[in-house]
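Number of protein chains: 4
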Amino acid sequence: MDHKTSIKELKEIIRKFCEERDWDQYHNAKELAIGIVTEASELLEHFRFKSEKEIDEMFSNDKKRSEMSEELADVLYFILRLAQRYDIDLTTELKKKMYKNKKRYPLEKFRGSNKKYTEL
Amino acid sequence: MDHKTSIKELKEIIRKFCEERDWDQYHNAKELAIGIVTEASELLEHFRFKSEKEIDEMFSNDKKRSEMSEELADVLYFILRLAQRYDIDLTTELKKKMYKNKKRYPLEKFRGSNKKYTEL
Amino acid sequence: MDHKTSIKELKEIIRKFCEERDWDQYHNAKELAIGIVTEASELLEHFRFKSEKEIDEMFSNDKKRSEMSEELADVLYFILRLAQRYDIDLTTELKKKMYKNKKRYPLEKFRGSNKKYTEL
Amino acid sequence: MDHKTSIKELKEIIRKFCEERDWDQYHNAKELAIGIVTEASELLEHFRFKSEKEIDEMFSNDKKRSEMSEELADVLYFILRLAQRYDIDLTTELKKKMYKNKKRYPLEKFRGSNKKYTEL
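Residue numbers (our numbering), protein chains in the order written: chain A, -16 to 103; chain B, -16 to 103; chain C, -16 to 103; chain D, -16 to 103.
There's no promise every hint is true.
Same chains, same names: a pair is fine if it fits in one copy or spans any two.
[Stated by the list, open to error] Only pairs whose alpha carbons sit at most 27 Å apart, straight line, appear in this in silico DSSO-like list of lysine-lysine: (1) K(-13) x K79; (2) K(-1) x K92; (3) K33 x K46; (4) K80 x K(-13); (5) K98 x K86; (6) K98 x K78; (7) K78 x K13; (8) K98 x K79; (9) K47 x K79; (10) K92 x K13.
None of these hints come from the bench; they were simulated from the model.
Okay, chain A solo, but in the shape it has when bound:
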């Protein structure tokens, strides 16, 4: 479905869900950022102490794969909610950032490199 669903539509689903529950009062930027961090951390916890091979096996296992995908959805939920509440156009922001990244990471210098732009 990723090929036909817009960010706007996903934001709308979440807006409706939260407004019906009268959650605007709890969903300020600090709490939503806490939501993003804590859910992201639950995803990371799956990989703690695991080798790359073990992680690949986790993604080949339907149950584990589904759990990790759900964690990712949990992070996305809070990102979309924050963007919706504070009127941030994620597409515009992402494209701006990718434009900046292209300047920061020119192909000829960063192809095959794991360096941060501040390190070169």
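Got chain A; can you put chains B, C and D on it based on the hints?
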């Protein structure tokens, strides 16, 4: 632009950017999850020790607003990259999660409540 | 017990526990830092969407208080283990940092202020 | 100094520093937990996309080593402050946790294993 850009298109922009730089070798699930957490934490750091009123003022300030939006884009970048690398359809996952959330948080019990479903 | 136990003693308990289990091979700096972040995030999750009043009540409740204290111990475990593995003297580092903080946050400017030193 | 300084003494240094600045009003459990997570994440960010070999080199480099040690001290600062504010004896909590860990991770089953106790 959020109303007309699909998740698929955003994933494509990021896939192209990373593949041109030959970064698949560094972008495994653990590293990308670290990316999500650390960028999310940079967003959260903006709000540390700030009151709700101060945070609202930050969003009214163009420079601060732009900084926070960029942090959000940084988190989204790693989410989209992880989804692209491991073939996760974010739209499907988010809709599945919202379906689950509707069961977990029935309107009559959770309207106006800040409780977690496990607490009621 | 905090009044008579040194950081060194706590590190020793953890070193012995981990070496007996032959865990040095898994406990590199990246994994231990993941450990610190993910455990810290579990602590933070207790406070998500909670008001200050609700959090105070949680600390008055023996069961909740004990859960939160355990999360804090989990974070401390990984900090001590990282310090032990990489030969970092936490006392020295903390004292150096407090010295720096005193310069960064002079009393006359920061008494009663929630500002970061970079903001003033 | 880790061999002769008690946790209690470190808490005292921090208590004095914060009380002189009248920061109790800002230092509630949620904010301090945010402090722990965000500082821990700054430490983790040093290791993002780095190989084990590169990380070892970072610890051999005095400047980098000092930066990472300072990040660790930043995390410890917020842990000690939270423990001091909410009257948590970290030594007792850590010892309780290690006792639990010994039960959860019996030597004969977990020697050389990277499994979580819930996985075996």
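Right, here's what the structure says about each hint:
1. Proximity of K(-13) to K79 under the C-alpha cut-off of 27 Å is found in both arrangements, the shortest distances being 22 Å within a copy and 16 Å between copies.
2. For the homomeric pair K(-1) and K92, the shortest alpha-carbon distance between copies (17 Å) is at most 27 Å, but the shortest distance inside one copy (46 Å) is not.
3. Within a single copy, K33 and K46 get their C-alpha atoms as close as 17 Å, which meets the 27 Å cut-off; across copies the closest is 30 Å, which misses it.
4. With identical chains, the CA atoms of K80 and K(-13) are at most 27 Å apart both within one copy (23 Å) and between copies (18 Å).
5. In this assembly of identical chains, the alpha carbons of K98 and K86 lie at most 27 Å apart only when taken from the same copy (15 Å versus 33 Å across copies).
6. Taking the shortest alpha-carbon separations for K98 and K78, only the intra-copy value of 22 Å comes in at or below 27 Å, while the best inter-copy value is 32 Å.
7. When the C-alpha separation of K78 and K13 is checked against a cutoff of 27 Å, the pair qualifies both within a copy, at 25 Å, and between copies, at 25 Å.
8. Taking the shortest alpha-carbon separations for K98 and K79, only the intra-copy value of 21 Å comes in at or below 27 Å, while the best inter-copy value is 29 Å.
9. For the identical chains of this complex, K47 and K79 are inter-copy neighbours only, at 16 Å across copies versus 34 Å inside a copy, given an alpha-carbon limit of 27 Å.
10. When the C-alpha separation of K92 and K13 is checked against a cutoff of 27 Å, the pair qualifies only between copies, where the shortest distance is 25 Å, while the shortest distance within a copy is 37 Å.
When the structure is compared with the earlier hints, no violation turns up for any of them.
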